[in-house]
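J.: Single-letter residue listing:
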Amino acid sequence: MALRRIILGQVGRVGERSVSSWWRNVQPAAKDPILGVTEAFLADPSPDKVNVGVGAYRDDNGKPVVLECVREAERRIAGNLNMEYLPMGGSAKMVEETLRLAYGENSDLIKDKRIAAIQSLSGTGACRIFAEFQRRFCPDSQIYIPVPTWANHHNVWRDAHVPQRTFHYYHPESRGLDFASMMDDIKSAPNGSFFLLHACAHNPTGVDPSEEQWREISYQFKVKGHFPFFDMAYQGFASGDPERDAKSIRIFLEDGHLIGCAQSFAKNMGLYGQRVGCLSVVCGDEKEAVAVKSQLQQLARPMYSNPPTHGALIVSTVLGDPNLKKLWLKEVKGMADRIIGARIALRQNLEKLGSSLSWKHITNQIGMFCYSGLTPEQVDRLTNEFHIYMTRNGRISMAGVTTGNVGYLANAIHEVSKSA
Amino acid sequence: MASGHGDSVFANVVRAPEDPILGVTVAYNKDPSPKKLNLGVGAYRTEEGKPLVLNVVRRAEQMLVNDTSRVKEYLPIVGLAEFNKLSAKLIFGVDSPAIQENRVTTVQCLSGTGSLRVGAEFLARHYHEHTIYIPQPTWGNHPKVFTIAGLSVKTYRYYSPETRGLDFQGLLDDLNAAPSGAIVLLHACAHNPTGVDPTPEQWEQIRQLMRSKGLLPFFDSAYQGFASGSLDEDAQSVRMFVSDGGECLVAQSYAKNMGMYGERVGALSIVCKSADVAVRVESQLKLVIRPMYSNPPIHGASIVATILKDSHMYDEWTVELKAMADRIISMRQKLFDALQARGTPGDWSHIIKQIGMFTFTGLNAQQVAFMTKEYHIYMTSDGRISMAGLSSQTVPLLADAIHAAVSTVV
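Going line by line, the protein sequences match chains A and B. All residue numbers for the first sequence refer to UniProt numbering, where the first residue is 1 and numbers rise by one. All residue numbers for the second sequence refer to UniProt numbering, where the first residue is 1 and numbers rise by one.
Treat the hints with care, since some could be wrong.
SDA-like mimics (lysine to any residue), calculated; alpha carbons at most 20 Å apart, straight line [what the hints assert, rightly or not]:
| id | chain 1 | residue 1 | chain 2 | residue 2 |
| --- | --- | --- | --- | --- |
| 1 | A | 187 | B | 67 |
| 2 | B | 286 | A | 35 |
| 3 | A | 222 | A | 255 |
| 4 | A | 49 | A | 255 |
| 5 | A | 63 | B | 67 |
| 6 | A | 31 | B | 35 |
| 7 | B | 50 | A | 78 |
| 8 | B | 30 | A | 84 |
| 9 | A | 93 | B | 22 |
| 10 | B | 213 | A | 209 |
| 11 | A | 247 | A | 211 |
| 12 | A | 187 | A | 209 |
| 13 | A | 187 | A | 92 |
| 14 | A | 222 | A | 241 |
| 15 | B | 322 | B | 46 |
| 16 | B | 50 | A | 87 |
| 17 | B | 50 | A | 211 |
| 18 | B | 30 | A | 87 |
| 19 | A | 49 | A | 62 |
| 20 | A | 287 | A | 92 |
| 21 | B | 286 | A | 154 |
| 22 | A | 287 | B | 213 |
| 23 | B | 144 | A | 298 |
| 24 | B | 35 | B | 51 |
| 25 | B | 50 | B | 286 |
| 26 | A | 287 | B | 35 |
Here's a subset of chain A near chain B, in silico, CB distances under 8 Å, partners left out [as the list claims (entries may be wrong)]:
| id | residue |
| --- | --- |
| 27 | 64 |
| 28 | 83 |
| 29 | 258 |
Bear in mind the hints are in silico, worked out from the structure with no lab data behind them. No residue lacks a Cβ here, since even glycine has one placed at the ideal position from N, Cα and C.
Chain A on its own, in the form it takes in the complex (with noise of 0.2 Å):
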């Protein structure tokens, strides 16, 4: 009787039992490479110390930055809205408005209704949306992702089981884009393959095809019957100029291509935290379009229901309001521009230190990061004798990059690589 009442935890706590975890072989995971150098960055206390780490948008301070229109849509919104349940696609009004991003403001897809798509949790719910629906709607495909890659690019694919290959892209020697090999790749994968393509600012090396090779690109896809995925998560923030930041997209478009697409507003609305962004598949008319987003919002309701609404509503106001839109469209300019000053003058920098190697790639790459050739030792010794925190890869982050510590940065580049 009381051996029963024992067991049956009748008497004392379980804990108290020998009964162990049962997590107890949960092994510590890996530090996530980009995420952990901020970690790293927050917990040094030396007053020298640079973040060239995570992408996000700083001002020439070194502050990060809300932008004016995104002040002005909150305002606005707060105190007047409701907090309802959006639908499983998301804010339809904001939807709209991301997609004339994309596919232009006078697109015939938009206007003849070929285009599914739902608000997804920026960029990378977006993507792993898209996974999701590959696997399940494609089961024998797998995608093509090029070397190298936002480190993430391959969780997503990989929690959504759909097999991976890679393609060349970067070229290190040029520190630029290995065309021939992409080309050679694209060629040979089966045909009907599935590649992940950055629209523009490729993440991490900066480095993206001309509007020629992305012509040929194009050309090359529709050859071999390839299903191209643009991840977009920088349009306006490369250029400056959202239109032609869409370029790559709107060549395929023309070509009549049916594409895929990942919409990001974290860096260009500058709503990281927000996580808002769009998932959109052109189909080949409307009822497909009908059902393909029927489709995607299958796969988002098992996984958050809904998206957020505040984000969207943001994105809706400042888009929906041609002043506040307009405003908009400066203060993206302003970022962007700021960066490529930043390119300049750090590589300017470099080249008045008197340092033999090229640094030209600096202002050739293009976006937010600069893939600066440093190599994992080169980056160690950058973060342990100069407070410098980056990515291994010797990704550089340039929105990092301020008039107040170029100079710095520089000497510190140019003394941890001069014996190379």
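Based on these hints, arrange chain B on the given structure of chain A.
T.: Then chain B, alone, in the frame of chain A:
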């Protein structure tokens, strides 16, 4: 290859059926009738039939907007730290030994759905048993969440149509027959869709049985404070399990009790045997979250944290929360009285015995369809009505409809 509009690789995708719950609101919105009633989705409505944003939520939101020092940077993968700590205290109790001993890991997720999904993915990767037992019936999205995460879903008896109450013996028998270590989904309070909860004594028996068989509890807490009007009372089932020193998972949602539906605010807590295990578990939760959406949305969690950490705002919240719960309880009474007054055939006492936002009326699909067609009343076909959608004005319409349905449709 084809030129122009090539064949889409997704040309054979069929249109998915409407979500049964969210589809109700879609149908309601399409209905042109001036006298219609939406008793579908569980979102609170005022006496005037309007959505409600709590005053304290408005104030918190305004404070945040006015604070120009605030930025919109990415949250950490696990979300807002302050929010996580406060959420754990809310569900486990401010003096919870599990929290004091650092045995709890709490991560911000996208409301209840997101918390369930992240927890399920973690279990599918790191737990030795991949079967989860869910009550019959349960929220329609539960099986979808667990299945897509890679768990195999089985059911345990829960609702008794004959009594419109708990099939307690059936529940015990089914859990007793479950393999050791299986995961069991428990609704912390205000069971959705039935509104039928175990009594404290029954919870204790459930706890003993589950611990003796090593069954792993996964609580879905979507209505804390909303069921009885008391946050502590509605957390009793969870706290009972935690105080025996054992492990469990808890998914929390602030959709209903803070009225923050669309902001998607929630938290997943995993109570572990030791602090060391909790740290390792948290690191693995990050690996689930990062490839899903990288990090959670900041707005809603900031509002909740602002309220929970300020004792005045917290008190204000409990008052507004109790008012919502009380209004629902009074709607139950009014509906019951209205049916009694009409002499509607059948025993309708379950309306006042059940708790929380929903009543499982016992109406069948044909009766529900009749009520929609003839009276423009929208509810899910399982006969579940959201009491939150009722008001003193609309109770008579509903009572008339139920009366007509049970009198004319079998």
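J.: If a hint holds in the structure, say so; if it doesn't, say that too.
T.: Structure-based check of each hint:
no. : hint            : verdict
1   : 187(A) x 67(B)  : violated, 54 Å
2   : 286(B) x 35(A)  : holds, 11 Å
3   : 222(A) x 255(A) : holds, 8 Å
4   : 49(A) x 255(A)  : violated, 48 Å
5   : 63(A) x 67(B)   : holds, 16 Å
6   : 31(A) x 35(B)   : violated, 57 Å
7   : 50(B) x 78(A)   : holds, 18 Å
8   : 30(B) x 84(A)   : holds, 18 Å
9   : 93(A) x 22(B)   : holds, 19 Å
10  : 213(B) x 209(A) : violated, 61 Å
11  : 247(A) x 211(A) : holds, 8 Å
12  : 187(A) x 209(A) : holds, 17 Å
13  : 187(A) x 92(A)  : violated, 38 Å
14  : 222(A) x 241(A) : violated, 28 Å
15  : 322(B) x 46(B)  : holds, 13 Å
16  : 50(B) x 87(A)   : holds, 18 Å
17  : 50(B) x 211(A)  : violated, 53 Å
18  : 30(B) x 87(A)   : holds, 15 Å
19  : 49(A) x 62(A)   : holds, 11 Å
20  : 287(A) x 92(A)  : holds, 18 Å
21  : 286(B) x 154(A) : holds, 15 Å
22  : 287(A) x 213(B) : violated, 52 Å
23  : 144(B) x 298(A) : holds, 9 Å
24  : 35(B) x 51(B)   : holds, 18 Å
25  : 50(B) x 286(B)  : violated, 38 Å
26  : 287(A) x 35(B)  : violated, 33 Å
27  : 64              : holds, 4 Å
28  : 83              : holds, 5 Å
29  : 258             : holds, 5 Å
In this structure, the hints that do not hold are numbers 1, 4, 6, 10, 13, 14, 17, 22, 25, 26, in rising order.
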